[in-house]
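Participant: Once you have looked at the hints, place chain B on chain A.
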Amino acid sequence: MKLSRLSAPVLLLFPAFLVLAAVVVVPLALSFYSSFTPFRLTKPESLYVFIGLRNYMTVVSSSDFWVAFGRTVLFLTIALNAEMLLGLGLALLVSKAVRGQRLLRTMMMFPMMFSPVLVGFQFKFLFNDNIGLINNGLQALGLTDQAIPWLINGNLALFSITVAEVWSSTSVFAILILAGLLAMPRDPIEAAHVDGCTPLQTFRYIIWPYLMPFAFIAMTIRSLDVARAYDIVKIMTDGGPAKRTELLWTLVGRTAYGDARMGLANAMAYFAIVLSILFTVYFFRKLAAARQQIGAEW
Amino acid sequence: MAPVSLKKLVKRYGALEVVHGIDLEVKDREFIALVGPSGCGKSTTLRMIAGLEDVSGGTIEIGDNVVNDLPPRARNISMVFQSYALYPHMTVGENMGFSLKIAGRPPEEIKEKVADAAAILDLSHLLERRPSQLSGGQRQRVAMGRAIVRRPDVFLFDEPLSNLDAKLRTQVRTEIKKLHARMQATMIYVTHDQVEAMTLSDRIVIMRDGHIEQIGTPEDVFKRPLTKFVAGFIGSPPMNMDDVTVDGGKLVFATGATLPIPPKFRQRLTTGQKVTFGLRPDDFYPTGHGLNSGDAEAVAELQLPVSITEPLGNETLVFVGFNGRDWVSRMLNPRPLPSGQTIKMSFDLLQAHLFDLTTGKSLVA
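These protein sequences, in sequence, are chains A and B.
Position 32, counted from 1, in the first sequence is what numbering that gives the first Met the number 0 calls 31; the numbers after and before it change by one each time, with no gaps.
Position 359, counted from 1, in the second sequence is what numbering that gives the first Met the number 0 calls 358; the numbers after and before it change by one each time, with no gaps.
In short, the hints are calculated from the structure, not lab data.
For every residue, glycine included, the Cβ atom is placed at its ideal position computed from N, Cα and C.
Treat the hints loosely; a few may be bogus.
So the derived label-pair ranges between C-beta atoms look like this [unchecked claim]:
#1 Arg101(A) x Glu174(B): 42 to 48 Å
#2 Pro106(B) x Phe124(A): 56 to 62 Å
#3 Arg101(A) x Gly312(B): 54 to 60 Å
#4 Arg104(B) x Tyr281(A): 35 to 41 Å
Just chain A, with the same shape it has in the complex (with noise of 0.2 Å):
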C-alpha cells in the first residue's frame, strides 16, 4: 500500500487538508486565476485566455470602481463610527441600570438576531417613501407635508442604508463595550474620584483608557463586516438610484452576474479583499496599543 507509508500525523490529517482543500484553498486559487483571464458565464472557454493585469488595469482606470471604493470607505467611517458612540452609549446606560440588567443585554442583542436581509426589507418598509412609517411618522407631527424620497434620492439613499446598517450591528459595539464595563475593577475609579476627578474626567482619564481594546476589538470584527457589506444594500437600493448606494460588493456582485464578467469581478473582489485586510490590520494594531496601553494580561 502506498498510503502507509505516510506518516501517522500525515495521514490523520489528510482528510481535514482534503476538504479545506476542496472548499477553500481551489476555490480561491481559481478564482485568483480567473482575475487574470476574460472569463465571462456566457463564454466557459473565455477561462483559457490568459490576459495578464488586463482586469486589473480596466478595474484601477475604471472611474464606477474609484467611486464605490471611496464610497464604501466612507461608509465603513462613518457606520463603524456612529455604531461606536452608539454602542458606548448603550453600554454605558445598562450598565448602570440595577434591575432588569440582564433582560436589557438580551434584548439589546436583538438586532443581531435577524438575518440582514430582513433587516434590509424591514428598513426599504420603514423609509418607503409612499407607505413607509417614517414619513407617516413625519407627517403625522406636522414636521413635514412632503413625501421625502428617502431610498429615491441619493444622499438620503446612502444614509438610510447607514441607518439600516448602524441598527443592526451597534449591538456588536454595545455588547463588546458592555462586558469591558462589567470586566472593569472598580477601585481605580474609585481611586480617581478620590483624586480629584469629576464623572467625565474619570470617564475620559480612567474607563475610556480601559474600554479601548473592548472597542477596538469590536471594530476589527465590524470593519471585516461591513467591508462586505452587501444584502442590505442589495434588498434596499440595490446600488440605485443610479448607482449612488453602489458599493464594492454590489458593484461586484452586479459585475459577476448581472454583466457576467466574473473574471473582471474576481479582479474587483481581490481589491475589496484588500481593503478589508488594511481596516482589520489597522484596528489590530490599535487594539495591541490599547492592551499594551492598559497592561492587559490577556
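Facilitator: Then chain B, alone, in the frame of chain A:
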C-alpha cells in the same frame, strides 16, 4: 491637616443596617486604626469618610465642615486601597502626579512633587515603569506615593498590606509609620490584623457587628479590654478564656478545677455568680519561666500535663491541658518539654480578667 469627627454615623443597605450609629473623634494628626473581623463595618465606615459610600444617618466632619454630601474630590483626602487601585495605563510618575494634573497644577510643580514623594518612598528609579512591571510591594508604595503627593488633610488606608507577603508587610508597615511621622497628617487605617493596628496606631478602634467595642491606646486595649470580644481579638496567641462559677473564695471551672479569686475582684463577686475568666498566655507560664507582675501572693500554681509545644526560638508556646481543653502559655527561657509530662504552671492572677457572662463586659470597668 484636620480632625475627623463621626457623629451617630449609620449605614444601611436597604433594610439591612451595617453600621449602627457610631461616634468617633479622630484628633488632628492622630493615627487611628479601625480593627475588627470581616463584616464588622470598618471598611464601610472608612468608605463613608472617603465619600465612596452614601451616609444613611449621622454626620461626618473633616476639619470644621460637615462633608456628608460632598463628593470625594471635595473632601481633600487620599486613600490607599487594598488592591493598590493604580491606573494601569499610566506610568508610576503619571499615577503619582494624576491628582495634581486633574487639579490643573503646572507640569514643573507636578514633576517636583512627584520627585519628592518618589524620593521618600524610594521609587525614583521606577517612575517610567508601568504598574504591571512592578512587584506587589512596589505597587503599594506607588499607591502611597499617589496619596502623599496631594498633601491631603486626611489619609485613609483600606487594608493596604493584606495583599503583601509577610516579609513585605513588615517592611511597608514600617514605611507607613515613618510616613506618618514625616507627614504630620491625620491617618485612619482599616485592618483586620491586630498586629498592624497595635504597632502603627496612636489609638485603636475595635469594631464588631457595626458597633464600636472599645477605643483606646494599644496598651489600653491590650491590658484593659472592656469586653470579652476585645480581650479575645487583641493579643496573639489569644487570651485563654473559660466560664467559671464563684464559690466562696474560689472560681470553679466546669471540670471542677479551681483557682482562687484574683485579689482585685474579691469584693465584686458573690457566691453562685457565673463569670468568664480570662488569662493571657504571657501571664500563664511554666513556673520559673515567666515574669509575674510583682505580687507573688497573687500567683496560683497547678500541676498540669503538657499536650504540645511550639518552639519559637526565644520562647516556646506550651499548650497544657486545663479544664478539658488546651490552654496556651508563653514559656520564656525555654527548655524542651516532652508531650505528656506533667509540669507546674503559674497563673498570675493579678493580670486575670473577668467578664460578665451575659453582657461580656469587663467586671473592672
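Participant: Run every hint past the structure and note whether it holds.
Facilitator: Okay, the hints, checked on the actual structure:
Taken as a hint, the range 42 to 48 Å holds for the pair Arg101(A) and Glu174(B), whose Cβ atoms sit roughly 45 Å apart. Separation of Pro106(B) from Phe124(A) is about 58 Å and conforms to the stated range, judged on CB atoms against 56 to 62 Å. Look at Arg101(A) against Gly312(B): about 57 Å separates their beta carbons, and that is inside 54 to 60 Å. A hinted range of 35 to 41 Å holds for the C-beta pair Arg104(B) and Tyr281(A), which are about 37 Å apart.
In terms of the numbered hints stated before, the structure departs from none.
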